[in-house]
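Taken in sequence, the protein lines are chains E and W. Residue numbering for the first sequence follows my numbering, starting at 1 and increasing by one per position. Residue numbering for the second sequence follows my numbering, starting at 1 and increasing by one per position.
In short, the hints are calculated from the structure, not lab data. A few of these clues could be false.
Short, incomplete list of chain E residues facing chain W, as computed with Cβ under 10 Å [what the hints assert, rightly or not]:
#, residue
1, C6
2, E10
3, N12
4, P14
5, E17
6, H62
7, C64
Keep in mind the model is a prediction, meaning the values are calculated, not measured. Ideal placement from N, C-alpha and C gives every residue a C-beta, glycine not left out.
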Amino acid sequence: MLIIRCPYCEANRPEPEFRHAGAAHIVRPLDPSATTDAEWAEFLYHRDNPRGTVAERWRHIHGCGRFFNALRDTVSDRILSTYPAGQGRPE
Amino acid sequence: MVEIMVLPPARRMVLWGDTAVADRAGAAFGLALPHQPCRAVEAGTRAALWLGPGEWLLLGPDGDDPPLAPALADLPHSLVEISDGFAALALHGPGAARALSAGCPLDLHEAAFPVGMVTRTVLGRIGITLWRRAAAEWRLEVPRSHAAYAEDFLAEATRGMPGF
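With the hints as extra help, turn the sequences into a complete structure.
Structure (structure tokens):
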């Protein structure tokens, strides 16, 4: 079981309290009707699937209920750090 | 020994707002809302439970009607009465943490889950709000339709435990 730190509860919590919520830092176009189909498809569907560190959204659904972001290593499944939604990706 | 009790109806309100809302609501409710994550404060028959950043569950006796809405009228906030949506269970006794551990993945040792801590978490297949009011006294806020499940789950968890 993964132990995930919730940046809002400020505590390490077990994985069953969380839901994965897709890639982080995907910015919705401000004016969707002005985008081309290719750009919209890129926003909706196209994601990288790298081997190594990825930034993901997670939700502490059975806890404080808030969305936050996490850096996770896709090889080891280790969560390297978590940070509040709205913050830039840490290095 | 574990005693499982269904608690009488209570007044429940969920408040969302910023620090100014919390301060004003605290004054109207009669106790300062906790800002530390996962903490509850009690005064008399009322209690305020931190559920998330800017979110509190306010508990009182059935029919309690603190003047929160007038106090908050000019501040952006959300105040929703959810009294009938939930039921409360109380768990007493030195085996209570062990019974809860049958379905709750949290570390319930007093060092990790001290008195005064509250959090939403899971119990078996359902979500609950778990509050440690004393070393061997717990209160569970359970969605009303899940209350029978929670009660049966805990009764089953205590079967065969020492003292039963």
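Okay, the hints, checked on the actual structure:
1. C6: 9 Å, holds
2. E10: 5 Å, holds
3. N12: It holds, given that the least Cβ distance between N12 of chain E and chain W is near 9 Å, below 10 Å.
4. P14: Holds: closest Cβ of chain W sits about 4 Å from P14 of chain E, inside 10 Å.
5. E17: Constraint on E17 of chain E satisfied, holds at 6 Å.
6. H62: Nearest chain W Cβ about 5 Å off; hint holds.
7. C64: Hint holds; C64 of chain E Cβ to chain W Cβ min 4 Å, cut 10 Å.
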